[in-house]
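Novice: Line order of the protein sequences matches chains A and B. All letters in the first sequence, in the order written, are residues 1 to 201 by the numbering used here. All letters in the second sequence, in the order written, are residues 1 to 216 by the numbering used here.
If you're looking for bench data, these hints aren't it; they were derived computationally from the structure. Some clues are possibly wrong.
Each computed DSSO-like pair below joins lysine-lysine, with the alpha-carbon atoms no more than 30 Å apart [as the list claims (entries may be wrong)]:
#, chain 1, residue 1, chain 2, residue 2
1, B, LYS106, A, LYS156
2, B, LYS106, A, LYS55
3, A, LYS190, B, LYS5
Derived DEER-like restraints, expressed as beta-carbon distance ranges [to be verified]:
#, chain 1, residue 1, chain 2, residue 2, range
4, A, LYS190, B, VAL18, 55 to 61 Å
5, A, ALA193, B, SER131, 56 to 62 Å
6, B, ILE63, A, LYS146, 54 to 60 Å
7, A, VAL94, B, LYS11, 38 to 44 Å
Just so you know, even glycine gets a beta-carbon here, dropped at the ideal spot from N, CA and C.
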Amino acid sequence: MNAPFFKFGLFGDEASLIVAFIIGIGFGFFLERAGFGSGRKLAAQFYFTDMTVFKVMFTAIVTAMLGLFWLSVLGVVDLSLVYVSQTYLAPQIVGGLILGVGFVIGGYCPGTSCVSAATGRYDAMIYILGIIAGVFVFGEAYPLLKDFYSSGAMGKVTLPELFGVSYGLVVFLVVLMAVGGFVGAEWVEKKLAAKVKGVQQ
Amino acid sequence: MKAIKLSLNQKLAVIVMVLGLLAVFAGNPYRGNTATLNVKELALLVDKETDHISVDDLADWIIKGRADYRLVDVRSEKEFAEYHIPTAENIPVASLFEGALMRNEKIILYSEGGIHAAQAWFLLKAQQYKSAYILRDGLDEWKNRILFPSIAENASADEKLAFEKRKSVSAFFGGSPRTGTADAKSTPQLAMPKLEMPAASAAAGGAPKKKKKEGC
């Protein structure tokens, strides 16, 4: 997370842990302030009654994307040092679905469950126990899952490389998607709020 | 003229749209293959020879099992397959920037004599690889001093003592010390040791890399 400064050798291993700790505290703090410590609020996203999660995530994506793009164009950041995880298409789709189902049922994702547990919510603590149990089961079942787990390796791919278009164009399209998404989200919220009101009356 | 009133959200949306639109014309954010060099700084490095590692030091590190550096063989795949220094990985010069090496790693380069290693060193330095080193005199020196060490006939007691130590190092790497009266130059074909120590080859795909996990 603290790349590219770490890889540049601006600070060593120990200092990097401290930096990670500070960033982690900040990350948790803002998740809590955004209301992500509440399983109700998070679950409401999946019923489209509260689009906060969508808005916060897309804001983060767009801010980080524009920031990285422009800072690297201006020569401040070396983008080749930023870690890009490898793509394993089918395993990642399955993994994403499992995480999504857990998210809807439990009302948390791994990060927000820690935030919520830190503020003393019991459901989040139970959720973390569930994560640990899941990690344990996966670890024990790994020999059976190994082949699928590492299937379809595509290496490090980015959208511009995959589609053969310029980075700037992808940036612009994601911005359009975000702004369109925001407008849509507000519309859905209003619509559903009216409906909920109508039911109540 | 009627002023248009925008909420904070709308203002932010406009800023984002403008930055996004300009991005289309801003070009590639990745730094390409061009580089700027500080020639004076590099010249000083070359002059002081702080960028060299001796074969003795390297042999010592391999025996001790040190793992805080990467030994890179910049020769061709074929030459690498014939013989390479144990623990080395094969990255031909043309493949240096394909992502196998990190800028914060200690990298020791070697080639047959040292020319290719030195050229690779310059390329790495130009791309801001902080700690790149060259194995002094390359594989030739490795053969002369580590694998097949020799000793002069009229060697002093001290030299003989040092040679005894070399013999054991040579044995570790599967070499054969040259003793006796035979002139080193006239020794018939020295058999290269078999490659017994495991060695990863980056160019040939190498071992599958472990997935790194990152979550939300």
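Novice: Is 38 to 44 Å right for how far apart the beta carbons of VAL94 (chain A) and LYS11 (chain B) are?
Specialist: holds, 41 Å
Novice: Between LYS106 (chain B) and LYS55 (chain A), does the CA-CA distance stay at or below 30 Å?
Specialist: violated, 43 Å
Novice: With the threshold set at 30 Å, check whether the alpha-carbon distance from LYS190 (chain A) to LYS5 (chain B) stays at or below it.
Specialist: holds, 21 Å
Novice: Could you tell me whether the CB distance from LYS190 (chain A) to VAL18 (chain B) stays inside 55 to 61 Å?
Specialist: violated, 27 Å
Novice: Has the given pair, LYS106 (chain B) with LYS156 (chain A), been kept, meaning a C-alpha gap of at most 30 Å?
Specialist: holds, 24 Å
Novice: Starting from the hint 54 to 60 Å, judge whether the C-beta atoms of ILE63 (chain B) and LYS146 (chain A) obey it.
Specialist: Between ILE63 (chain B) and LYS146 (chain A), where Cβ atoms are some 35 Å apart, the hint is violated.
Novice: Just tell me: holds or violated, for the beta carbon distance of ALA193 (chain A) and SER131 (chain B) against 56 to 62 Å?
Specialist: holds, 60 Å
Going through the hint list in order, the structure does not satisfy hints 2, 4, 6.
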